[in-house]
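Visitor: One-letter residues, chain by chain:
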Amino acid sequence: MKISLRHTLIGGLATLFVASASAAEIELLNVSYDPTREFYREYNAAFSKHWSELKGDEVRVRQSHGGSGSQARSVIDGLDADVVTLALAYDVDALRQQADLIPENWQSRLPDNSSPYTSTIVLLVRKGNPKNIRDWDDLVRDDVEVITPNPKTSGGARWNYLAAWGYALNKFDGDEDKTYQFISKLFQNVPVLDSGARGATNTFVQRGLGDVFIAWENEAFLSVEQLGKGEFEIVVPSVSILAEPPVTVVDKNVDRKGTREVAEAYLGYLYSDEAQRLAGQHYYRPSNPEIGKEFADSFPDVELFRIDDVFGGWQKAQDTHFNDGGKFDSILEEISRR
Amino acid sequence: MSVAKKRRVIPGFGLTMGFTLFYLSFIFLIPVGGLLLYTSMMSWEDFWRAVSHPQVVASYKLSFGAALIGATINLVFGALVAWVLVRYRFPGKKLIDALVDLPFALPTAVAGIALVTLYASSGWVGQYLQIAGIKVAYTQLGVVVALTYIGLPFVVRTVQPVLEDLEAEREEASASLGASRFTTIRRVILPSLLPALMTGYALAFARAVGEYGSVVFISGNMPYRTEITPLLIVAKAEQFDYHGAAAIGTVMLLAAFALLLLINGLQWWTSRRGV
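Listed in order, the protein sequences are those of chains A and B. Under full-length UniProt numbering, think of the first position of the first sequence as 1, with each following residue one higher. Under full-length UniProt numbering, think of the first position of the second sequence as 1, with each following residue one higher.
Honestly, I wouldn't trust all of these hints.
When the alpha-carbon atoms are kept at most 30 Å apart in a straight line, the in silico DSBU-like pairs for lysine-lysine are as follows [as the list claims (entries may be wrong)]:
id	chain 1	residue 1	chain 2	residue 2
1	B	Lys61	B	Lys135
2	A	Lys131	B	Lys135
3	B	Lys94	A	Lys185
4	A	Lys252	A	Lys131
5	A	Lys127	B	Lys135
6	A	Lys131	A	Lys178
7	B	Lys93	A	Lys327
8	A	Lys49	A	Lys316
9	A	Lys55	A	Lys185
10	A	Lys49	A	Lys171
11	A	Lys316	A	Lys257
12	A	Lys185	B	Lys61
13	A	Lys229	A	Lys127
14	A	Lys178	A	Lys327
15	A	Lys49	A	Lys178
For each label pair, taking beta carbons as the anchor points, the in silico distance ranges come out as [unchecked claim]:
id	chain 1	residue 1	chain 2	residue 2	range
16	A	Ile234	B	Lys93	49 to 59 Å
17	A	Pro103	B	Pro107	32 to 42 Å
18	A	Glu233	B	Asn264	50 to 60 Å
19	A	Asp175	B	Asp101	55 to 65 Å
20	A	Asn113	B	Leu260	49 to 59 Å
21	B	Ile134	A	Gly230	26 to 36 Å
Derived from the structure by calculation, the hints contain no laboratory data. Note that this is a predicted model, so its numbers are computed, not measured. Every residue gets a Cβ at the ideal spot worked out from N, C-alpha and C, and that includes glycine.
Full structure from sequences and hints, please.
Guide: Below, the structure is given as structure tokens:
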């Protein structure tokens with residue numbers, strides 16, 4: 001009796017083992033930033049279908065969202081991400097600088113600087129545009145309150161800041177001092193500094209604070225279409241920044257987990273026609289110009305500049321503007337003395 | 001020697017003491033040690049620069065100042081609530097008694113969102129305060145409101161049991177011996193309550209200094225004005241400046257420890273002066 005029971009147990013366990021090995025269910029973790037929630041929910045389903053048709057394996061993609069900087073920090077501190085899809089290259093590069101999780105050439109491994117979709121920064125105003133806000137110049141007027149999150153903690157806010165800076169630098173013919181004064185004036189009009197993009201959206205949309213909200217284009221569309229239909233309008237500034245949110249495989253993690261093949265396919269498929277269209281539907285600008293044409297109506301024409309051209313890349317922009325003792329710090333100090 | 005071998009009703013001193021030490025090290029000492037270790041890797045100049053930046057100093061003033069004000073408000077009104085709950089019987093008393101614990105149970109983020117919805121200039125309370133020229137949300141006053149809210153149960157819950165043990169007969173005796181109402185409060189009630197009040201005050205204060213969740217929603221997080229120290233620590237960590245974050249954390253730890261020591265000292269001193 002005893003022996004047969006033991007055999008039964010062993011047999012049962014063995015069956016379990018074999019069963020779990022044959023039904024290859026692969027799990028991926030994609031660590032992303034705040035406003036991509038809706039897009040990746042649909043993309044994950046599309047990729048799962050694509051992969052099971054191709055290889056017959058089931059892929060289940062888990063998502064994690066949060067502020068871009070804090071998401072990068074979680075991965076550095078050991079969160080088992082197979083891929084990261086963050087708001088800016090600086091946060092992805094931190095994975096290399098802080099923890100050596102990815103190689104130096106990570107951004108050249110995929111097309112378009114590893115950014116399958118891009119976005120830009122626009123202005124969101126209340127219905128009817130009561131303060132008549134047309135361009136960045138209106139944001140430094142004394143009677144205008146501006147909502148933007150804190151560039152120290154929010155990736156999106158750094159794009160906001162750099163977009164305004166790039167505009168002013170162009171306006172003042174490259175005069176750094178005048179540009180600095182312009183941005184300082186803009187931040188004097190900011191009553192609240194939320195730590196992330198979603199928090200700032202809530203402050204503007206739900207709390208009713210501020211006259212204009214500097215936002216990701218896709219967040220602005222989301223606010224107009226879903227959060228408060230008919231209550232907001234998008235104002236497209238004359239000049240803005242080309243925001244390239246990059247993606248990469250986390251090499252150290254996928255090699256350890258043995259998920260490199262599927263993780264690379266997951267990112268590669270972002271460039272497929274299907275995924276590009278999905279990105280467009282979620283208000284991201286597709287990087288494929290052919291698909292981009294299909295959405296030409298929804299994306300207004302803006303003169304876009306690149307961070308590399310105006311600021312010499314993320315690392316330099318970060319050092320000059322956002323690190324401790326940088327330009328943003330001295331702007332805050334100046335405002336506090338008023 | 002025979003004293004050391006004294007038998008206890010419940011055995012197991014060695015075991016429980018061992019477990020206590022292990023538990024405390026695991027839960028408390030190791031994280032704090034890690035914090036101090038991180039800080040100790042900095043040079044003195046770097047440490048000083050990190051903790052004495054004007055923006056950081058402004059946040060200390062706000063965090064400790066607002067926590068002190070909040071705890072003081074709770075000291076007065078928490079004692080009052082405890083008094084009412086112990087000495088009077090009225091309908092709904094059980095309900096109010098249970099409500100006092102709400103700030104313990106409610107997630108602080110929920111509390112923060114509720115407070116800001118209430119006090120924003122478009123909110124239920126805020127719109128009337130606005131008329132009176134008082135702004136609560138996104139000001140330092142908002143920080144005080146949040147810290148008062150989360151500290152309330154500490155004073156009530158420490159004072160309540162002491163008050164329950166304090167027989168009303170002593171007040172009657174005091175009155176029948178000719179003491180005025182004021183003298184009774186001053187000479188009979190307050191001295192017995194003082195240690196409990198101090199403990200409640202210290203707990204409410206300590207809780208408020210470290211509070212993060214509810215404050216970030218109502219304060220507006222403006223550097224130099226409404227930015228609390230815990231937020232600054234989070235901001236540092238998000239910029240991968242772990243050392244800076246640990247340095248400010250160490251300062252908070254030491255300051256909170258010093259203040260708690262002071263309050264405990266006061267408590268010891270008052271109880272020694274005797275009732």
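Visitor: Going through the numbered hints above, which ones does this structure break? Give me the numbers in ascending order.
Guide: 3, 4, 7, 8, 9, 10, 11, 15
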